[in-house]
Amino acid sequence: LALILLGVVALAVVLASFIPQRGQADPETYAAWRLANPFLARILGFLLLDRVYASWWFYVAVSLLLVNTLACTISRIPPLLRQGSRWPRLGEQQIKRLRNWTALETTSPAPEVTAIVGNHLLRRGYRFASETVGNRTFIFARKGDLARWGSILFHFSFLVLASGALFVQLSRYVGIMVITEGQTVTEQRQDYLRTARFPLLGVKHQGFQVRLERFEPTYYRGVVGTDYVAELVILEEGREVRRQEVRVNQPLNYRGLSFVLEKYGFSPLFVLEDATGRELFRGYVNLVLLPPGTKDFFNIPEAGLTVWARLYPDLVMEEGGPATRSLLPRNPVVYLEVKEGKKEVFRGLLPLNGSAVLGDRRLTFADLRYWTQYQVIRDPGKEVIFGGLWLGLIGLTLRYLITPKQIWGLVQEIPRGTRLIIGGTAPQLDSLFSEEFASLERDLRKEGIGGAP
Amino acid sequence: VAPLEGWLFWASVLLYSIASISFLGGVVFKKERLAGYGLLLCLAGYIVQTAAIALRWSITGHPPIIGDYENALAASWVILGLFLVLQLRFPALRPVGVAVVPFSLLMLGYGVTRSPTLQPLTPVFRSPWLFVHIGFAWLAYGSYVVAAGLASLFLLKARSGGGSAFYAHLPSPGVIDELSYRFIAFGFVADSVMMVAGAIWANSLWGSYWSWDPIQTWSLICWLVYGIYLHLRVIHGWRRERAAWMAIAAIVTVIVSFWATNYLGVGLHVFR
Numbered sequence: 001l002a003l004i005l006l007g008v009v010a011l012a013v014v015l016a017s018f019i020p021q022r023g024q025a026d027p028e029t030y031a032a033w034r035l036a037n038p039f040l041a042r043i044l045g046f047l048l049l050d051r052v053y054a055s056w057w058f059y060v061a062v063s064l065l066l067v068n069t070l071a072c073t074i075s076r077i078p079p080l081l082r083q084g085s086r087w088p089r090l091g092e093q094q095i096k097r098l099r100n101w102t103a104l105e106t107t108s109p110a111p112e113v114t115a116i117v118g119n120h121l122l123r124r125g126y127r128f129a130s131e132t133v134g135n136r137t138f139i140f141a142r143k144g145d146l147a148r149w150g151s152i153l154f155h156f157s158f159l160v161l162a163s164g165a166l167f168v169q170l171s172r173y174v175g176i177m178v179i180t181e182g183q184t185v186t187e188q189r190q191d192y193l194r195t196a197r198f199p200l201l202g203v204k205h206q207g208f209q210v211r212l213e214r215f216e217p218t219y220y221r222g223v224v225g226t227d228y229v230a231e232l233v234i235l236e237e238g239r240e241v242r243r244q245e246v247r248v249n250q251p252l253n254y255r256g257l258s259f260v261l262e263k264y265g266f267s268p269l270f271v272l273e274d275a276t277g278r279e280l281f282r283g284y285v286n287l288v289l290l291p292p293g294t295k296d297f298f299n300i301p302e303a304g305l306t307v308w309a310r311l312y313p314d315l316v317m318e319e320g321g322p323a324t325r326s327l328l329p330r331n332p333v334v335y336l337e338v339k340e341g342k343k344e345v346f347r348g349l350l351p352l353n354g355s356a357v358l359g360d361r362r363l364t365f366a367d368l369r370y371w372t373q374y375q376v377i378r379d380p381g382k383e384v385i386f387g388g389l390w391l392g393l394i395g396l397t398l399r400y401l402i403t404p405k406q407i408w409g410l411v412q413e414i415p416r417g418t419r420l421i422i423g424g425t426a427p428q429l430d431s432l433f434s435e436e437f438a439s440l441e442r443d444l445r446k447e448g449i450g451g452a453p
Numbered sequence: 454v455a456p457l458e459g460w461l462f463w464a465s466v467l468l469y470s471i472a473s474i475s476f477l478g479g480v481v482f483k484k485e486r487l488a489g490y491g492l493l494l495c496l497a498g499y500i501v502q503t504a505a506i507a508l509r510w511s512i513t514g515h516p517p518i519i520g521d522y523e524n525a526l527a528a529s530w531v532i533l534g535l536f537l538v539l540q541l542r543f544p545a546l547r548p549v550g551v552a553v554v555p556f557s558l559l560m561l562g563y564g565v566t567r568s569p570t571l572q573p574l575t576p577v578f579r580s581p582w583l584f585v586h587i588g589f590a591w592l593a594y595g596s597y598v599v600a601a602g603l604a605s606l607f608l609l610k611a612r613s614g615g616g617s618a619f620y621a622h623l624p625s626p627g628v629i630d631e632l633s634y635r636f637i638a639f640g641f642v643a644d645s646v647m648m649v650a651g652a653i654w655a656n657s658l659w660g661s662y663w664s665w666d667p668i669q670t671w672s673l674i675c676w677l678v679y680g681i682y683l684h685l686r687v688i689h690g691w692r693r694e695r696a697a698w699m700a701i702a703a704i705v706t707v708i709v710s711f712w713a714t715n716y717l718g719v720g721l722h723v724f725r
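Protein chains in written order, with our numbering: chain A, 1 to 453; chain B, 454 to 725.
Everything labelled a hint here was simulated from the structure, so no lab data went into it.
In this text, all values refer to a predicted model and were calculated from it rather than measured experimentally.
For every residue, glycine included, the Cβ atom is placed at its ideal position computed from N, Cα and C.
Among these hints, one or two may not hold up.
Chain A side only, calculated, beta carbon under 8 angstroms to chain B, not exhaustive [as the list claims (entries may be wrong)]:
1) L80
2) G225
3) Y228
4) P251
5) Y264
6) L391
7) G392
8) T397
9) Q428
Please work from the sequences and hints to get the whole structure.
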């Protein structure tokens, strides 16, 4: 059953990797695909193959796999516990049925032979036991017992991971927060741009404040980003309690929340004044202007204006028109297209501190700062997930990197001395074990058991 | 690419090409000496490739992990390294090179058709988890490739019926079969470390452990397929021919994970 369920899950994942998935594929691409293949899209939609990872049958298959894993794991524990405390005796015929076995004779007495075999096996890392019944001594040795527990641990880790995943579903919160240089925001609902993931158990905001002190990107040859550093300050009731540099892979963690740096961009300061010099609008506008050439817009509703902007952080005039030498704002110039209703009132380049005249009004490009975007994550299930992952790895390592081996022997007194029948096995790796067994036999022969090798 | 690195790269490609022909000749004409020459040429190519990697590393200041070219360079180096380590322990297994060396050569060929431009380490790559993630990916996929090579050799030996002196020099089919299993088991552990490290890295980078991006998905498929192989072998007793065919067939998932999804150029793993 486990194999069938594994096959079903694997097949589902393969199908989902070929069929555009709703909510995962780019929305425009997905819509275009649906339009191009309406019949196929309807059939796949009916079978829920366009949202495999959210379909009931995928959850059922994964749940059944988990139940199966749980049942297998539990059923394996008692035999393992019994095996751990049991030292089974094998008779001559049973030893001879093993893949690796040999019979050796010596004039030494039986206790001496048992001791020699025991010493060699202990030296090789085996746990050794012997039991004398009448004139026969049964030998048993084994190593790598942990490998058997590895499998249990590995399968158990799936259950821990599943519990962790369920806990994450109930408690994980992901909000998107945008902070401009110099701006202070509060950890409260209205200061988030949006919520990317809302926990079923609800969320309690904590009300501390976060200020972006500075953002500093570093570029290789002016264009390839090599480091992005955001200096964040945490304030509690206006008092600074933490100051930390946040990088792409180094989030800030505070009171159970992680601030993961996700995006950045330019935020020009625009000031709109009327003929008397009265300010009608003043604000840093977070625009998506990277990579250079990208056009974005904003509205000034108070003045009925729509402003389209393009930024050249390090302007250079080329034959084809304006371009930028680098992404660093060494000589920032914005290209603006300003419309009042449908009427264009300005089009042109504006350097820093330059103004555009819009009839009796004036729009000034007064400053340039960076904005940064963070995923703010509350992840109480993290420890359970990590625990499951590590447990699984430890289990796999024990299961597959340690080879369980067992050796049985029978020491019998014969008229001219002692006879030793010894055999062993390493499940899954019997052919490779033959080499080790042959080496053991050579060592025993060197000790005079069975003569020279 | 720095001029000297280019020379070293092409010298290693040349050596591996001749090594591939030698291995192929050795297996087709059952000439052990040819396979021996193949191993020497492979070793020479490996030394030259190591120099190329060291040079590139010294110039960029980071290990070769960015882009298809660097990944092909490093992954083929790990695969061939595992093959050479196998030779130290089992010198008779030289003919495994007939599968492993041309496979690595194809990887290098694919890599050089992509952009080999020298690039600095971008912010997303600046994480200790990255090195764990990528290092174990190479180990995992390298082990799977060597296991497939061993499985091919097992089938060749099993079909020869023991009549040829060339195959008689090889270890017993049982040993080859078990070595293939061991490489897959080791690869599976490395594969799991790769996925765990990737999930942890993804959480600190994208804020999510798992996103069903094409490379993640195909890595999971690859992991599941090798998990099924191990399950069939350990629980259902699949051995020898059946296990060998599966070890060879499963390599398709490695190829798709490593090449096809990168080639499509979509998903979170396409770092721009």
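Hint by hint, here is what the structure shows:
no. : hint : verdict
1   : L80  : violated, 15 angstroms
2   : G225 : holds, 6 angstroms
3   : Y228 : holds, 5 angstroms
4   : P251 : holds, 6 angstroms
5   : Y264 : violated, 10 angstroms
6   : L391 : violated, 11 angstroms
7   : G392 : holds, 7 angstroms
8   : T397 : holds, 6 angstroms
9   : Q428 : holds, 6 angstroms
Going down the numbered hints, you'll see the structure goes against 1, 5 and 6, while the others check out.
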